[in-house]
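Participant: Letter by letter, the chains look like this.
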Amino acid sequence: MASAIRRRRTWTAFAFLAPSLLGMIIFFVFPLIMTVFYSFTAFDLSNPPRWNNFANWKFLFGGDPLIGQAALNTLWFVAILVPVRIAGAMLVAWALTRARRSSGALRTLYYLPALVPPVASTIAFVFLLNPATGPVNRLLAAVGIEGPGWFTDPSWSKPALVMLGLWVLGDIMVIFLAALLDVPTEQYEAAELDGANGLQRFRHITIPNMAPVLLFAAITGVIAALQYFTEPAVASSTAMGKSAVGAGTSTLLGWPDNSTLTYGQLLYSKAFGANLFGYASAMAVVLFVVAGIVTAVLLRRFSSFSPEVAS
Amino acid sequence: MRSRRALLVVPALVSLALATASCSGSTSDGPTAAASAPATVSGTIQFWHFFTDREADVIQSVVDDFEAANPGVKVVVKSGQDDQKMRQAISAGQPIDVGLSYSTDQVGPLCSSGDFTDLASFITRDKVDLTQIPPTVLGYTEYAGKRCTMPALADVYGLYYNKKMLADAGYTEPPKTLAELTDMAVKLTTFKEDGSIDTLGFMPLLGYYENAEAHWAPSADAQWLNDDGTSAISSSPGWTTLLNWQKDLIAKLGGYDKLAKFQAGLGEEFSAQNDFQTGRVAMNLDGEYRTAFIADQAKDLDYGTAPFPSAEGFENTYGGGYITGNIVGIGKGSTNPEAAWAFIKYLTTDTAAQVKLSNGLKNVPTMHDAITSPDLEVSPQFQTFLDIFENEHSSTTPPSGIGAEYQTIFGTHTAKWQQGDVDDLGAMLKTVDSEIDAAVKLQAGS
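Going down the list, the protein sequences come from chains W and L. Once you know that position 226 of the first sequence is 486 in the working numbering, the rest is easy, because the numbers rise by one and skip nothing. Once you know that position 88 of the second sequence is 98 in the working numbering, the rest is easy, because the numbers rise by one and skip nothing.
In case anyone wonders, no lab produced these hints; they're calculated from the structure. Keep in mind that this is a model prediction, so the values were computed, not measured. One should not assume that every hint holds.
[To be verified] Distance ranges between label pairs, derived from CB positions:
(1) Val403/W to Ser281/L: 29 to 35 Å
(2) Ile553/W to Thr345/L: 46 to 52 Å
(3) Ala437/L to Ile553/W: 34 to 40 Å
(4) Gly430/L to Arg360/W: 23 to 29 Å
[As the list claims (entries may be wrong)] Capping the alpha-carbon separation at 25 Å, the derived lysine-lysine pairs in DSS-like fashion look like this:
(5) Lys309/L to Lys268/L
(6) Lys186/L to Lys257/L
(7) Lys366/L to Lys88/L
(8) Lys440/L to Lys318/W
(9) Lys173/L to Lys186/L
(10) Lys137/L to Lys418/W
(11) Lys262/L to Lys197/L
(12) Lys418/W to Lys271/L
(13) Lys426/L to Lys257/L
(14) Lys174/L to Lys197/L
(15) Lys262/L to Lys202/L
(16) Lys268/L to Lys202/L
(17) Lys426/L to Lys418/W
(18) Lys451/L to Lys318/W
(19) Lys137/L to Lys366/L
Virtual Cβ for every residue (Gly too), placed ideally from N, Cα, C.
Using the sequences and the accompanying hints, generate a full structural model.
Facilitator: This is the structure we're talking about:
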């Protein structure tokens, strides 16, 4: 009798889960299996794939002249852009919790840039940071500083994209703000009575309480950085003066000097520019594995910060 | 028990993948022509193209003319569709009857994949006169002997020059050789008090507007690919000539950094802030479509056009230039290929349609009869491009199975060359060859 009830419960659960499981299988599991399969073939999207004796994998790990630079650029964004955005969002969120007046207006103000479509915000940033005609370099010149080339200089194009990422940090800032406001004030009061200074309170109270949202921000940030595409693509084409509708994109990616060429862009370029869909599949498999490993590492690292472990 | 189940599931999924993969795509060669041409065509056809806004209206007007001439045909137009979307849709089995692409770089992938059907049977049956179309244009619309596209309109590249700026510097004629271009570019360049460039005679940096290896190549008869599809770059002396000329001009204009800083302040190419239209540069390489932008955005600009100058030793090629253009073909899943072909034939071989498209889009018609038609609106500046189009020394980028990848690979190296990061040009060109050949080999499946 008990087992019959348990079986019925299991089937009921499956019935409720079926739509999303079906979606997962059709839109995630099946494409994933096909991508792994295509990675061992020469494939042009239209004709049946042909086994090519691991040629894609050999090219990936020893033949593609751009993959190293694209991977390094992407890791740069993972290592710099993600922590900077998290730290910036934390700082702004903390400052907003301290605001005594106009806090609602200030919160709206800091959140608004996140609502701007990425293409529009990137184009706006390229114009703002135009080294010859943009207001930023004019302001710098007014105080005697020669501004850099920003998006037109290989050594400044990535930092310029980080600045853009900071400007649109409202998406994670608003989550941090909610988490900060949720931290029990009695914990701070108790710590103060115990003589904890500001840094200690931040390390031992704020961080553990915010661990779940920090983990969320870190994982989604890393995955987004690994797939970073739109902003650098728009920035390079706009800075080249070629933001034309209908133009091919693969020749515009990465400018200047491939400094903004990301792994995702190279993957796209190899598939749709070079007609190497099998090779692009191999690249996609590597990206998936790397994202999975990074996520697993983050989950393990953050578990030590969770309130249960910390307490 | 669970692990045993998992062991069974994995091979099952792999088998499913293999089975599905072998079913995906199509081994069919696509639709072919009926034995005899139908007296009239009828039914509905889907037409995908990339044009938007004003240009889409021009296309629509020609579609309307076709429908009026063929009352039984309804053309369903999908505008604003880029090549990637179109290829994905065709390979997914969507019945796109007619597809118009902006990029001749896609001819290789479109023909080799079978996404666009071979038009040979239609062309032979209807005795289409291909001699109306220059050999260069015929070359970029077929791949490995398979004609899967027809040329709709062409883009032709030449030199634009600001007459007033040249006259102020004492010149009455545009340069005909790269040596003359160098001298004039240096003389026409002015500097600000801080040493930065104020106005530039000619920008030698690749990546600036239409400055591209492909667009310079005809000046020195520089070759891209061998007949077998492998790279011909290191064995073509034209590239060495062109890149050395570029290096010399960069040095004479003050060096890479100075030019890069000037480039950083460029106006958007297709806006009124285009550097040539604002007088920031005196001479510029550009396509025939610039005449329409100038007529619209810089009416008072006093300018002329000429073929791009030839390199030393290649003076006999003067008059030619780079040609590319729009291509149109029948999707492999077309459900109404006869009506689709009738529409393509109308777009690409009907003189009145070609003239109307050219007048509206300010691109060069691809048929000789249309080029010489009295109805074609031709300004003196536009005439230059019609002449370049029919010049025997004009050339294009050859179709390849790897699309434009060979140009992209070359571009990553020339970017370093123009920055002064390459000491051995010969070695660089050989590296370019090996990288292109590796990509070609990979695409071929070996």
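Participant: For each hint, tell me whether it holds in the structure or not.
Facilitator: Going down the list of hints, with the structure as the test:
no., hint, result
1, Val403/W to Ser281/L: 29 to 35 Å, "holds (30 Å)"
2, Ile553/W to Thr345/L: 46 to 52 Å, "holds (47 Å)"
3, Ala437/L to Ile553/W: 34 to 40 Å, "holds (38 Å)"
4, Gly430/L to Arg360/W: 23 to 29 Å, "violated (57 Å)"
5, Lys309/L to Lys268/L, "violated (31 Å)"
6, Lys186/L to Lys257/L, "holds (19 Å)"
7, Lys366/L to Lys88/L, "holds (20 Å)"
8, Lys440/L to Lys318/W, "holds (21 Å)"
9, Lys173/L to Lys186/L, "holds (15 Å)"
10, Lys137/L to Lys418/W, "violated (57 Å)"
11, Lys262/L to Lys197/L, "holds (10 Å)"
12, Lys418/W to Lys271/L, "holds (18 Å)"
13, Lys426/L to Lys257/L, "holds (11 Å)"
14, Lys174/L to Lys197/L, "holds (14 Å)"
15, Lys262/L to Lys202/L, "holds (16 Å)"
16, Lys268/L to Lys202/L, "holds (12 Å)"
17, Lys426/L to Lys418/W, "holds (18 Å)"
18, Lys451/L to Lys318/W, "holds (12 Å)"
19, Lys137/L to Lys366/L, "holds (24 Å)"
Going down the numbered hints, you'll see the structure goes against 4, 5 and 10, while the others check out.
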